[in-house]
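Novice: Here's the letter readout for the chains.
There are 2 protein chains.
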Amino acid sequence: MAYSVISRRLALTLNTNLRLSVSGCRYASKAAPKAQVDFDYDGPSMKTEVPGPRSRELTKQLGEIQNVAAVNFFCNYEESRGNYLVDVDGNRMLDIYTQISSIPIGYNHPALLKLMSNPNNLSTVVNRPALGILPPENFPDKITESLLSVAPSGMTRVQTMACGSCSNENAYKAMFIWYRNKERGHTSPSNEELRTSMINQGPGCPDLSILSFMGGFHGRTLGCLATTHSKAIHKLDVPAFDWPIAPFPKLQYPLEEFSRENAQEEARCLEQVEDLIGKWRQKGKPVAGIVIEPIQAEGGDNHASAEFFRSLRKIASKHGCAFHVDEVQTGGGCTGKFWAHEHWGMDDPADIVSFSKKLLTGGFYYKDAFQADQPYRIFNTWMGDPTKNLLLSEVLSVIRRENLLVEVNRSGKALMNGLNELQAQYAGILSRARGQGTFCAIDVCDDATRNNILQKARNKGILLGACGDRSIRFRPALVFKEYHVHMFLNLFNDVLAQIK
Amino acid sequence: MAYSVISRRLALTLNTNLRLSVSGCRYASKAAPKAQVDFDYDGPSMKTEVPGPRSRELTKQLGEIQNVAAVNFFCNYEESRGNYLVDVDGNRMLDIYTQISSIPIGYNHPALLKLMSNPNNLSTVVNRPALGILPPENFPDKITESLLSVAPSGMTRVQTMACGSCSNENAYKAMFIWYRNKERGHTSPSNEELRTSMINQGPGCPDLSILSFMGGFHGRTLGCLATTHSKAIHKLDVPAFDWPIAPFPKLQYPLEEFSRENAQEEARCLEQVEDLIGKWRQKGKPVAGIVIEPIQAEGGDNHASAEFFRSLRKIASKHGCAFHVDEVQTGGGCTGKFWAHEHWGMDDPADIVSFSKKLLTGGFYYKDAFQADQPYRIFNTWMGDPTKNLLLSEVLSVIRRENLLVEVNRSGKALMNGLNELQAQYAGILSRARGQGTFCAIDVCDDATRNNILQKARNKGILLGACGDRSIRFRPALVFKEYHVHMFLNLFNDVLAQIK
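Those protein sequence lines, which keep their order, are chains A and B. Note that the first sequence ends on residue 620 in this note's numbering; no numbers are left out. Note that the second sequence ends on residue 620 in this note's numbering; no numbers are left out.
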């Protein structure tokens, strides 16, 4: 394979900050279409190691105000464009992590700049309403043209929220309310329920539970955190509810070689789910809902088959549990479909689908039965932010206009092919390449090597993220084209050659 | 008193949509200063009852998408100015509720419009960063010139969050982490703690508690909700932690007539707090922190004396519990000081102070000891929103430039005087007028009469809010001047005359 030589030449080109030439490169694409180039750079350009001196200075300054141990570097968002994030030391990196997977169409997309330059939209930015009581005139239309235009199958209702955690917290509440009304057979609570709810006791505050999966991540507020099981440090020292936790399938790769073993593993997990539902019912803490990610993201990009999810959905229905699909990280097109659950091919995939990140606003879709029976039960002051709805509406237009889901599928295929080749070449370092669309990951032999690779890649102008114990996750924006994939693969190969 | 006649004449003037004339009115102020008039209207102007036909149509449309039972009416934010909220039927109301107390300097303040028209700020609006890992270059400076410039006494650290609930949830986590590190004597968890935290069990997920007060409101996510005890419908059907709930003093009014009774009542509540701390320690669920509002807002604008809070703060220290002052609704100047806890006159008022609403961004200040020892413990994707920091920075400039805290004190005094006079005049209807700055409330004889008054006031162009069982709360913006108070009092008197 010709990776190394070409990559080194490429790196040299980049270091001298010349226009990127991909001719003669193994992973060469046709030239970028004009529309893309207008708001994208030609390639990374590195001036210092990262974090550079200015970033280190600012980190010290911010360290006087808050914990900065997670700060990677400081950014110049004004100069960032498309797939490229520019830092305060003038380094320009190909961003394949995109603010923890939350930038849908790249930095400073001209359509968004144009939208927010429009004086008609100023009022939305400076007058944030309490959406639940005093919505703006265009709110129903904006919600219809944005969130409802991409509503999951079977859902016509949606509630916006400010972030992913609030979305899941409120989705859990909607499931609890639904479950209790079902148990009651009506929506009128008794005086005893009203009285005891005020003092955190049953029957008003019932001992209901949400079933979650080991390795899952659903947020860090106390309700969400009780269903999050990705890393101990996220949960340590915080009180939790005694809620059931099922195993998530641990698939063996390559999938085609382990189809029997993987099917058995998924069957084992499903059996455990049913078992836990029974046990918690006996404990007097019935499972009101099951929450799951279509791909466990923070937990290490753990996949399961469409058949697994279809069976799980059936189990939820069979036992009268709500089924909540958390698409906070998987939603918005990165898996090649707008929602990852579309890969399951179901007409009735879920009772609740929550979102945030690439959707710019948090929130959750829900089936009619999950609408709270009274006002102020699912409520807070802001209930989202119309500025984000405005931006989302334009993002969805861009996705349609630029056929970005087609691009994601094309880029995702190129990325998976490249990762498979790299893992064959660097078998001692890489394994378990996996993905859907550009939502891909690969495992590294150990944590230290993973972190070494991430740091070296960053210094070469490739920004990646970690997940799980020893995985690298790929979370590019939807404007990450095939030629960006090739550029990445060439540079990544160069990094791996240094590790080897 | 000459209220009624004048108010009727006034209402007539308003109904014919003429320029408001206050000459000859009992509550007459000197003319509004020019700067104010520039972005304010002269008075309410009502065209239809509220909600009008267009609002009802939009409510029906939105009702297909989400629960709209709490929607009051739809707004035309573009046409709203200063203290006046304009609805979609062309009604213009004097807004004394301000989006549940979350609009600091009125609608479409020219300074904010100018700020957000500046093309240099466009990038902030369209590129929302993951602040905890990739902050923008100006982040430390913006935080310093905004939040830190109004930091509570003894605090130099602040963490932004997206909303009030997330602020409190993360503040609770900070208190739990602090408490456990204190118990451990060091910051290194055992393997057993790490292991058990992943499965929601102790010692990793310890049985710690937060002590809250009956009538308190701290948000609606599951952690916050376990400390919220304002209305049953907020808590019904949602599982809660078994955490201690202390009584909040129920003061008798007028305060000067009941000083002995009120002192006894406060002593009783403080004794209960100490008692509960002991009981929950014995139960194996020690109190890591105490959370309290300086004025219980949602719960009915319940006040306690500065001495009560000073004693409570001492009790927290004595028992090794953190002391968290929730200023989500009271913060931002409306009580006549920037923070309501400043009225207690303490150098060390709290360990944690949380905020949101008028601060436009959520977040919490904390003392050094409450900084998490490792990254990602207090963390989420967005951790606030730099657009809100930008707006807040300008809001604080306006507050200083226009001396708005002086205005709040002046208006607040006029409002309290007026409420006291009205309650003397309408003794069968109104009682317990109370307040700090313009953060005022008054009780109505019963819930039905309260709602009748609110509706009638709205149809006269006065927008007010309810709180508690039968209180009306006043939550104007900081630009609510003395002449707005007089305008309100005249119209309100007219409403009361109709009720009587």
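Check the hints yourself; a few may be wrong.
Simulated restraints, written as ranges between beta carbons of each label pair [said to hold, decoys possible]:
id: 1; chain 1: A; residue 1: Q402; chain 2: B; residue 2: R315; range: 21 to 27 Å
id: 2; chain 1: B; residue 1: N579; chain 2: A; residue 2: P239; range: 30 to 36 Å
id: 3; chain 1: B; residue 1: N240; chain 2: A; residue 2: I319; range: 51 to 57 Å
id: 4; chain 1: A; residue 1: N238; chain 2: B; residue 2: G440; range: 37 to 43 Å
From the structure, some residues in chain B lie toward chain A, with a derived Cβ separation under 10 Å [said to hold, decoys possible]:
id: 5; residue: S165
id: 6; residue: S243
id: 7; residue: G322
id: 8; residue: Q372
id: 9; residue: Y373
id: 10; residue: P374
id: 11; residue: G398
id: 12; residue: K399
id: 13; residue: W400
id: 14; residue: Q402
id: 15; residue: Y496
id: 16; residue: K508
id: 17; residue: M536
id: 18; residue: A568
In case anyone wonders, no lab produced these hints; they're calculated from the structure. Note that beta-carbon positions come from the ideal geometry of N, C-alpha and C, so glycine has one too.
Novice: Of the numbered hints stated previously, which ones are contradicted by the structure, given in increasing order?
Specialist: 4, 5, 8, 9, 10, 11, 12, 13, 14, 17 and 18
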